[in-house]
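In case you want the letters, here they are:
Number of protein chains: 2
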Amino acid sequence: MTDKEFFKVTSLGTLLELIRTFPCVNDEVLPLDQCAGRILSRDIASRIDLPEFKRATMDGYAVQARSTFGASESMPALLTIVGAVEMGEVPMVSVKTGEAVRIATGGMLPDGADSVVMVEHAQALDEHTLEIFKSAAPLQHVIEIGDDFRRGEQILLKGSRIRPQEMGVLAALGETHVPVYRQPVVAIISSGDEIVPIEQTPGLSQLRDVNAHTLTGLIGLSGGVPLYLGIVRDNIDDLHSLCKNAVAQADMVLISGGSSVGSRDFTMDVIKVLPDAEILVHGVSISPGKPTILARSKQKGIWGLPGQVASAMVVFQVMVRPMLEAIGGLSEDHLGAAHEVSAVLSRNLASVQGREDYVRVKLVHRANQVCAEPILGKSGLIHTMVKADGLIRIDMNSEGLDKGTPVRVILF
Amino acid sequence: MTDKEFFKVTSLGTLLELIRTFPCVNDEVLPLDQCAGRILSRDIASRIDLPEFKRATMDGYAVQARSTFGASESMPALLTIVGAVEMGEVPMVSVKTGEAVRIATGGMLPDGADSVVMVEHAQALDEHTLEIFKSAAPLQHVIEIGDDFRRGEQILLKGSRIRPQEMGVLAALGETHVPVYRQPVVAIISSGDEIVPIEQTPGLSQLRDVNAHTLTGLIGLSGGVPLYLGIVRDNIDDLHSLCKNAVAQADMVLISGGSSVGSRDFTMDVIKVLPDAEILVHGVSISPGKPTILARSKQKGIWGLPGQVASAMVVFQVMVRPMLEAIGGLSEDHLGAAHEVSAVLSRNLASVQGREDYVRVKLVHRANQVCAEPILGKSGLIHTMVKADGLIRIDMNSEGLDKGTPVRVILF
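Here the protein sequences line up with chains A and B, keeping their order.
According to the working numbering, the first sequence is numbered sequentially starting from 1.
According to the working numbering, the second sequence is numbered sequentially starting from 1.
Quick caveat, the hints were computed from the structure, so don't treat them as lab data.
One should not assume that every hint holds.
The list cannot tell twin chains apart, which means a pair is met if one copy fits it or any two copies do.
Claimed, not checked - Derived pair list, reagent style DSS-like, types lysine-lysine, alpha-carbon separation capped at 27 Å:
| no. | residue 1 | residue 2 |
| --- | --- | --- |
| 1 | K298 | K158 |
| 2 | K298 | K134 |
| 3 | K362 | K298 |
| 4 | K362 | K158 |
| 5 | K290 | K134 |
| 6 | K378 | K134 |
| 7 | K290 | K158 |
Computed from a predicted model, the values in this text were never measured in an experiment.
Put together the whole structure using the sequences plus the hints.
Written as structure tokens, this is what we have:
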């Protein structure tokens, strides 16, 4: 441990540029129903016209629109019912002027018909005779061939996330198997002489390994596969061999070190001697999270995270998640997108110029507004994490925010 | 098919009361790392004081605060360094007045020490002599026993969702295995003579089974386990036996019927004769989604969903999801909670009084505001689903919304 340490910090903006220099993982082809939340690795074009036939969008009667022109409640048009369309079958009948065919929503329009009259605007007088009370326009309640998608049309873009609605569209196109990026594997290494596994009762002066489990949850939510490699004592050979191992097995490595300057130096020493190692960032101008390290080994990202749990969460949210999404193939304009809500700050908050501050807040609904209430208290406490609903960001150039300021709360 | 059909519709509010009458699933105990996103089935109290020892929150020197009183840059206090605290070890030394012990963040305070002086406010003149430039207050940079959690304190509540931060807290408490509600199994049955499996090339007049796959995605995102039972033709015996089967295997059943009145009647006929069947709702005063059916069989919910894909999605979001969450054990105040953003309506929207309208919108960022742009077009089209970012709700008592009205967009 040195008494004083100075290191050149990197701005968050620069760091977010750096994370885009890492290559993304390769892809795989999965059955459609396993693709929820995954990232498309190819553009998807339609191989068909959809629908491939004219469909009714209402229950009623397929007609030629001209047979109904001028019809009204007082002067209904009189048509002859010449049959019915069975669902899922090609109609056996066709429709001439003055004729009508019963049809249900989704049914295929018979030849000759160009419009559908809703059941509410018609009345069958007997099996063959139909009164229509309203003039129908051509193509009314009809979906035409290719109205949804045209053959060859680009439907979904590479790099987009597959939501339930995209699953529906892929189903409609007959894409039973879908090309998606592999989920990046993220190794977690906990280091520190004071850290014990959670199943162990910590001795006095020891602590359970909280970060590994918070990170496991965060990695999963961000589309990665966590790979917990365990706890390593502050022994340079052990940490080095575990890190080499991690780089070989995983697409990204998180080293959750102790929070002391000593432990950070130690992590730096280990990273420096990894294969093809390059230290990219040693210190970021945000708070909490300043002691963050980002390095590259064999084209893979190695993070040294702060040991304090709340700091590690903020660093993950603001920096690690966008990189995990980027190497997972998500398109640039969606990286790090978070759900935010508007609120009003409940008290004055001081901040230091020259760094971005992230403050944990609780949302409190009062009268007509949502207040963001900063969660204060000693740093290093775990319980502040579960009391918080989200984070607010205070700009690098701000000296603080006044009570009543409108803020955006990044939910977590 | 009947020419006209009248049915008594239920308000959304009444339906949302009804869904709370279904029992929730039982629970299971899982390894902590498998609990992300799951719902706690028991309150969790702390079995320990956390921390169990006084910890430093900064790198520096453990001292008696009184040894530093009056210290300044020009008149530093002079202390004797009597040792160092090793991480993860109980200190071998104690601290008397005028003495200091090196300590790192997270280290255990030695006996006698009541304060930590940051490394930035001290300078070691030699191995044994320390200058301190700033007066330290008692308990400065110290976390005391139980500051985080006190033994016996309620920490997490039954019915709350386990986020990464809750995983961290559970780790800190040594909860290696966690009681959570089982994930409800939701059976999906597609019915309709026109529906074919997605791997099949539909004949003219047929359509691929889109809803089953949209619903699979939605169920997964809502904490359920989808169980796709396949497509059944409009044959009353087949649908009845598949439904009985579904009620036996699943915690909830979704029948994604055709959209025609005929297919709805058919679904009703089948549901009525299920064991202990009770029709609770037949028609809801929302649009789209009016033809929704909710019934109960053997204490389980059976839904008849509209066949149109966009309508089925809205019904799922607004009604099925809250029920799925409720039977999955989520506490009442979180049911159906959705991420929303504020926006301004880009054009006038008409609405019909007496029903709630849900309109699909796209978010467009313009100048200084986010606009919600309604996605219009023929009903029954699939592509409107993937173009939309969310839904806006138009109140039952409203005749519509004017361009420029501030709206809340429910993201999906």
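For this session: Can you give me the call for K298 and K134, within, between, both or neither, at a CA distance of at most 27 Å?
Result: neither (72 Å within a copy, 46 Å between copies)
Exercise. Is it within, between, both, or neither for K378 and K134, if the alpha carbons may be no more than 27 Å apart?
Worked result: between (73 Å within a copy, 20 Å between copies)
Exercise. With identical chains treated as interchangeable, where does the CA-CA distance between K290 and K158 reach 27 Å or less: within a copy, between copies, both, or neither?
Worked result: This pair counts as neither: shortest intra-copy Cα distance 35 Å, inter-copy 36 Å.
Problem set entry | Within, between, both or neither, where K290 and K134 count as close if Cα-Cα is 27 Å or less | between (71 Å within a copy, 24 Å between copies)
Exercise. Between the shortest in-copy and the shortest cross-copy C-alpha distance, which are at most 27 Å for K298 and K158: within, between, both, or neither?
Worked result: within (26 Å within a copy, 45 Å between copies)
Exercise. Within a copy, between copies, both or neither: where do K362 and K298 come within 27 Å Cα-Cα?
Worked result: neither (41 Å within a copy, 41 Å between copies)
Problem set entry | Copy assignment of K362 with K158, given that the CA separation must stay at most 27 Å | For K362 and K158, only the inter-copy Cα distance (20 Å) is at most 27 Å; the intra-copy one is 37 Å.
In summary, the structure is inconsistent with hints 2, 3, 7 from the numbered list given earlier, while agreeing with the others.
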